[in-house]
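So you can see what is in the structure, the chains are spelled out below.
Protein chains: 4
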Amino acid sequence: MNSFGRLFRINIFGESHGPAVGIIIDGCPAGIELTAEDFVTDIERRKGGTQKGTTPRQEADIPIFQSGVFNSKTTGAPLTILFENNNTRSSDYQKQRAFPRPGHADFVASKKFGGNEDYRGGGHFSGRLTVCLVAAGVVAKKVLQNISVTANILEIGGESDVEKGLQKAINAKDSVGGIVECTVTGLPIGLGEPFFDSVESLLAHAAFSIPAVKGVEFGAGFLAAKMFGVEHNDAIVDVNGTTGTNHAGGVVGGITNGNNLVYRVAIKPTSSTPKEQESLNWETGEVEKFSVKGRHDLCIALRVPPVLEAVTAMVLADLMLLEGKIQRVFNQ
Amino acid sequence: MNSFGRLFRINIFGESHGPAVGIIIDGCPAGIELTAEDFVTDIERRKGGTQKGTTPRQEADIPIFQSGVFNSKTTGAPLTILFENNNTRSSDYQKQRAFPRPGHADFVASKKFGGNEDYRGGGHFSGRLTVCLVAAGVVAKKVLQNISVTANILEIGGESDVEKGLQKAINAKDSVGGIVECTVTGLPIGLGEPFFDSVESLLAHAAFSIPAVKGVEFGAGFLAAKMFGVEHNDAIVDVNGTTGTNHAGGVVGGITNGNNLVYRVAIKPTSSTPKEQESLNWETGEVEKFSVKGRHDLCIALRVPPVLEAVTAMVLADLMLLEGKIQRVFNQ
Amino acid sequence: MNSFGRLFRINIFGESHGPAVGIIIDGCPAGIELTAEDFVTDIERRKGGTQKGTTPRQEADIPIFQSGVFNSKTTGAPLTILFENNNTRSSDYQKQRAFPRPGHADFVASKKFGGNEDYRGGGHFSGRLTVCLVAAGVVAKKVLQNISVTANILEIGGESDVEKGLQKAINAKDSVGGIVECTVTGLPIGLGEPFFDSVESLLAHAAFSIPAVKGVEFGAGFLAAKMFGVEHNDAIVDVNGTTGTNHAGGVVGGITNGNNLVYRVAIKPTSSTPKEQESLNWETGEVEKFSVKGRHDLCIALRVPPVLEAVTAMVLADLMLLEGKIQRVFNQ
Amino acid sequence: MNSFGRLFRINIFGESHGPAVGIIIDGCPAGIELTAEDFVTDIERRKGGTQKGTTPRQEADIPIFQSGVFNSKTTGAPLTILFENNNTRSSDYQKQRAFPRPGHADFVASKKFGGNEDYRGGGHFSGRLTVCLVAAGVVAKKVLQNISVTANILEIGGESDVEKGLQKAINAKDSVGGIVECTVTGLPIGLGEPFFDSVESLLAHAAFSIPAVKGVEFGAGFLAAKMFGVEHNDAIVDVNGTTGTNHAGGVVGGITNGNNLVYRVAIKPTSSTPKEQESLNWETGEVEKFSVKGRHDLCIALRVPPVLEAVTAMVLADLMLLEGKIQRVFNQ
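Residue numbers (my numbering), protein chains in the order written: chain B, 1 to 332; chain C, 1 to 332; chain Z, 1 to 332; chain L, 1 to 332.
There's no promise every hint is true.
Note that identical chains are pooled: a pair holds if it fits in a single copy or bridges any two copies.
As the list claims (entries may be wrong) - Calculated lysine-lysine pairs in the PhoX-like style (CA-CA distance at most 25 Å, straight line):
id	residue 1	residue 2
1	K73	K325
2	K111	K164
3	K47	K168
4	K111	K142
In case anyone wonders, no lab produced these hints; they're calculated from the structure.
All chains should be built: construct the whole structure from the sequences, respecting the hints.
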């Protein structure tokens, strides 16, 4: 339930206010150089508090290796990384336990787990766990070597000028969503399968596991539904399979075609808006006004790019191993 | 690679011009009444040739049970169904083998499988295999009992008046795409998991396994990226978790919330457009003009609704079994 | 439930008295030459009726390819093979339905599947399905190329002189069991994993899926429990890892060590003995005498060697693919 | 590779001389009372140093919960437990690195992982990781409630008088093996599947993942190969499926039959015998005499019972969940 991948297999665990969150990567090739410093850039990119619109909660987020690394290289055994939770303020959440927060899992988690769930800070449902995904991505990107995975914000609050979109949120004292695009270059032809293990299926599966993602589209995506066939088809212009256009986003019949892989995700506005809301009070059974306490992002989309890169890299590392393009002992 | 699901597990096989396509459902509960007649409606809905814009190829598409049914009931053993391929015209494909058709898997399949693939009619990549998905859906819907799964066409060729959209294609002598929406009613609260097995992840995985799907969105979907938080949040209005609006599409934190599940897919225009195209000729190594031969749909989106219902029902049947809401012996 | 393997994945289906039994191999490499004739030898070895002690039921057992083969080569798509059931006599089983046969699954199947199971000839529990395993083995052996997998009967009815063991059964008008040993030569070092995916775990998993297997041991096996450490340890005698003895059966720490892989299975006597038994009569609720009708083997162990080879080859083909020793396009 | 189970899913990680070993249980039902004290008994049983014949290495082995427990109950989220490695003496291993120890994974691990493996104390191959299995077993036994899982030593060094067997080892200054039997009472009828997911397949898979296990047999096991059919068959004596004898060990057709489940494992003598051995010296390339340094058990079989119980309980908890006999929220 909390694992993904076939040969490069990720397991995540932890709760927002528990002792730590963490990840096991099972099937990671042996012989990859890996130190805590490799994680700094992407973990910083993911962190809140460094830009307008993100949460002031600050975690040190130093990866603590528990297994699978020896002499600064991966061993081929399960690679386990912990991130301690040092900076939690559970009291914020305790106070407003009466209100299952709209847009959050509070209500459904309670029903699903019979009230046994750790509800503090969203517990296991917390966006805090995306630090584990980012860590997996750091390793996956190393596995992918010359394949480049890059995600960028296309739009915030409906504006392609991101600053402008954020200002809208600040002015409205509300949260906003956004759109993030991921591009992969350097992929070989032939990753993926027809039907259930299409590259689109696997990437969408992974992308929708990022909290707040509500839409995924490849290439022309939803716009393709409005195009004519000749217009949408990407003509092949040479014997390497290069296409003149890339409406398919680099995937045909579920298989990478050697062109850039391009896809986008829609991120809903942060559910924990500072604005007053009306919703059920569990204790009274009535709909009442309340405001979400705690530290939150005005726009969670700002933090998504390294997470989207991470899950993309995870999927592609797995496919490269499945296709035998990468061996279990690295660079051998 | 060609299987999906954990407890209600689907395996599909076959090629467009081979002897048959088929499906195994492993983990199907025992005791479900099942006869060939149960398949008629959805298989007819999927079929080409019955409406403007679909292919004139006609298959009888009678399900042939090979295993798992006894005395007109499922036994609990693997349920295997064949659909014979009676009405194939391989010569159409043979003639234009020089052109790897744009938008199709011809080029990537050849690279991936080293030229060993059955290329006739797209082989294993053919939309023909969606009849297997539809058959799985018929069984899955029976498993789901009072849960209703319905897909409808929202838009063809950019027009919500579908006839108008089709006429555009006919006038342009080109193919067009469309948008299909699926709605599920009667779901319990609590299906799905946070992260990798979120309901969105599983449904998107399944939906992107349908050929020609290029986008998937839940509830407000891509529009959510343009909304404010308070606007998007679905306030809970009673102790059953009923929400006033349904921008989330019935899923929060990856878990069903008891409201209607609503999601949409974008279908690209049929790659086999009747219009002349320019693309690589493998034999000459040059870009040349050609027209796709064979019988094809002007708008494949027209045939998607029963397929989308099918994969949706498959995913939900699996989740209902995982959650223990359905037992392995039916109605016991 | 009815599938096995990670990259070379087997699915079996069918009932003893249904229209057919069959198999899908998903993940079979493309480009393997394959015709019906490749199956003749192993299928004949498995068949009853050709030697003293096996059932007179004769099946033609001609493999019917449904998918995955094109121009006499595997395509890389799912490989589906049917074996029709032509020679069934359901009335034999119908008559004695009152007695859940001791040693058979009649009683437990009825409880598990709520009486919906196809009980004729054991239904899906029938040894008939081992023809599917044998077929998978034929393909797996081709994948393994220069790795040789051979199983032999070591002992029948407690006698290493097999004829003598069979004669004991004939004299006693009862059935007998036996021991079968499988030896694999030509394996590389390094297949398998510590713990859950140890070569022993995977082979034992597969071997115990053969009906009537009640014990599995590697190398010295149960005898190892009586040995001293220095006696049991296989000293390494050269830099290739060659060992002087092979008490480990070619597996240490769950990993192949480059020596011959050797393991044995214990086969119980055929449950359908011709001798009169006493057991529950479902209809009367009383213990009564009865004799099993139908055609049966005096010693099912005689038919096990090609089946044991098959499941062994399946496991090893999967491990060779996992380890990247075999690519998805064959001999490329 | 390092995970097992379908719904009650175990992941293990860690190395003998790394910071910690640990386990994730994914799919553990919510609402089970769980504290560190629950682990004391089985962890003590597993520990070395408390009886003649086991290693003097002493670990505190206090379970450290990282996730999945809240208010002393399981939450339904992944349950992660660490066991710190406090008492390691890597220098012992460093010194004799030249000799890949016979019976150990030193040689194969080096080949498999390209020399990147953590070789100290056997690294990830160490028996140290069985503490993780024992921990999983503690939780699994709680899940199983009234089902009792008990393993006992049947024989050490070929002697049913265990003290006598150990004395043989002490006298010979060598290590010895043994046989351990596991009995499960209180199982329902109907767990398991025909073929690949037979109860025997799953239990053997799990049992062979315990280091040093070289044979597994159910009920009469290898002795069954010497019996006649009427002798081996367990006559059913009442409508509940009770059998007069239990030669099948409680499993027919791969399915539990409601009688006691009984199986045995053969444990090889500890590979690290104190006695001098001759084997390859990697540095010289010659066969030389050496003695294994470090603290080791004379008879590892003594420590197997709680580990065998643990993997048995894991498998059965998974099957009980699969069969819907246990729900994801406990005792609801």
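Of the hints given before, which are not true for this structure? Of the numbered hints given earlier, the structure breaks just one, which is hint 2.
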